[in-house]
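Going down the list, the sequences are from chains A and B. Under our numbering, the first residue of the first sequence is numbered 1, with each subsequent residue one higher. Under our numbering, the first residue of the second sequence is numbered 1, with each subsequent residue one higher.
Everything labelled a hint here was simulated from the structure, so no lab data went into it. Even glycine gets a Cβ: it sits at the ideal position worked out from N, Cα and C. Take every hint as true, because none was put in to throw you off.
Estimated spans, in silico, between C-beta atoms of each pair:
| # | chain 1 | residue 1 | chain 2 | residue 2 | range |
| --- | --- | --- | --- | --- | --- |
| 1 | A | Glu156 | B | Thr135 | 57 to 65 Å |
| 2 | A | Glu234 | B | Thr135 | 47 to 55 Å |
| 3 | B | Thr135 | A | Thr396 | 35 to 43 Å |
| 4 | B | Ser15 | A | Thr137 | 44 to 52 Å |
| 5 | B | Glu70 | A | Gly312 | 37 to 45 Å |
| 6 | B | Thr135 | A | Lys143 | 45 to 53 Å |
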Amino acid sequence: MNKTLDPTTDYYAVLGVSDNADQVEIKHAYRALARKLHPDSGNGDVAAFRMMQEAYEVLRSPALRKAYDRQREARGLGPQIPLQCDITLSRQVVQVLSVPQVVYVLVDIKPPQDLSPVRLPLNLALVIDRSTSMQGTRISNVKLAAMNLVDSLLPEDRMAIIAFSDRAETLVGSTGAQDKTSLRSAISQLVPGGGTEILQGLRMGLQEIRRHANRNYSNHLVLLTDGRTYGDEEDALAEAQLASADGIGISALGIGDDWNDLFLDSLARRGNGLCEYIQSPAQLHTLLQNHIRDLSSTAARNLSFDVNCAEGAELRAAFRAMPYMSDLKPQPGQAIFLGNLGSEAIVVMLELVLRSPRSGERRVARLNIAGQVGGASEPMSLHRDVFIQFVESPPTQGPPTARLVNLLARLSIFRLQERAWEALESGDVRQATSLLESAATRLFEIGYRQLGQATLKEADRVARSGEPTMSGRKTVRFGTRGLTSRSSEQWR
Amino acid sequence: MSEKHGEMKCPSCGSENLPGTLFCVQCGTYLPSGGPLRTEPFSEQSQMRARPWTRDSGNDDDRVVGIELEVLETHRRVLLSAESDILIGRLDAAHGIFPEMDLTADGGLEHGVSRRQARIYVREGGWFVEDLDSTNGTFLNDERLTPYLPYRFHDSDIITLGTLRVQIMIHRESKAVI
Ligand SMILES: [Zn+2]
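Based on the provided sequences and hints, a complete structural model is requested.
As structure tokens, then:
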């Protein structure tokens, strides 16, 4: 038979086999279907029979199958990461203008309904600040939360415990969770005293994780601190970057008001982890438990995405909008890490700037999303294209969806206050004050009275002293960051 | 609401934003809700579908096509069609409140305007205003309205929303023109 390949037809689906089926499976599937669909049989179907034959002709020949697979891959029809990925644009039809213009792209990444999260064994290091300021209730709360954490580990998990002040020591090296006694006794050895130097603790924690790190574990370091580290920030950030390249995540939980949220935030961002603000002991316990649960229960791991812009298009900004907000700070040519996908969707907002010299429908960007699903260690990927129709006369189209406007309203508040802190770092008190006041006004507008008041108060302090307060800045930053989550109701 | 050419000026802070921007980069104002000194254009279609004149409307011989509101504080004028009810208040994208007449840019918050402050509409050829149980009240020629009751108003009346005063100009179209 003279075969022409049709890459748009899914021959695997026609035969009802997976795309990595071997020759035996393919032959079995063919025979079963042939008996069922043969025109001579009772419920024969000529068209279906021909299609099934065509599929078999291609897939049984290794050469043809390879060519077919390659053609499908080139068209983006190859094996795909089984995630739901939906795209919503602020507008799809754009008027040709002489100036650049903005289109927002909302990307929803969700596990498909039939994909239940897999529990990955944990490979953890708990790095605990035992500086003098931790004395009293703080250290006892940390101990309690750590003990509870040990209790919740499963036998296949591992954990190491490191304490640090001016220097660091490994209280217990990476230990299998069947030996909970060693872990508990290490925690009980925590005695406060000394200063806060994060780098050494971080290095020791990472060293313990690396002993057992592999792709079938969720490898993560959790840093608990209440203070500021001085002089070793740059090195710590570099360590986080290296760790993340090795598939090790870093999260930072800051206790009280004295730690440097800007530093720990960037540490966690580079480490693909989370930075949290802990105001009360009860919070520490639940946050730690939830965080560890999210680490082990994932539908997809090590998700990353990159945005390839066509000529005339540019990615100006990228933000994570949910489950919490963060600036993804895209760098040209570099993938953006999104970490693990649990049961909650990851929502990303992209801001594209388009130049539109002529009319017509064009692809302005392609998003590639890659990651590992379930127990699979090989990464898979999928892509989505952003098409825009450029027209000469002003298009008539409805307003963007309420959901997009809603998320963007909150993101723009988050951005205003983030820019305020940046302005303040570079010494522009006026700009910082004005940005904070704007953020406060917008918070009042969407009904977040309490958070609006806190922001206004901080704007006032900044205007008068030129400095933020440690507690005020944290309240504003962590409050606005959570505006898209359910927990934000407390700020109304 | 993108400008035909060039950038969009934010009504609150005057910053330039690229067309298509939804929230002002400098101050976060929702840009599609219009700006100062800008008259909302009246599309031909909405004029055609304007509420018809009815025989009960007495001396209102002409067809009501729209209403123009001038915020006396900022001199911003907005022309709105009589086609459907007009909500006056402050935009709250989060709760899906998109008033036809959004007073955010006129200092609505500072003047005590509620998000859903009042609505105005045409019935039987006459214009009515109704307060929506707003926090600081709605006034017609300085008399406070009882919430949820319709009050008829006329050309050049003044409606006060919280403490923001708005002058009314009713636009009519002579029947002879149609
Ligand atoms: Zn502005």
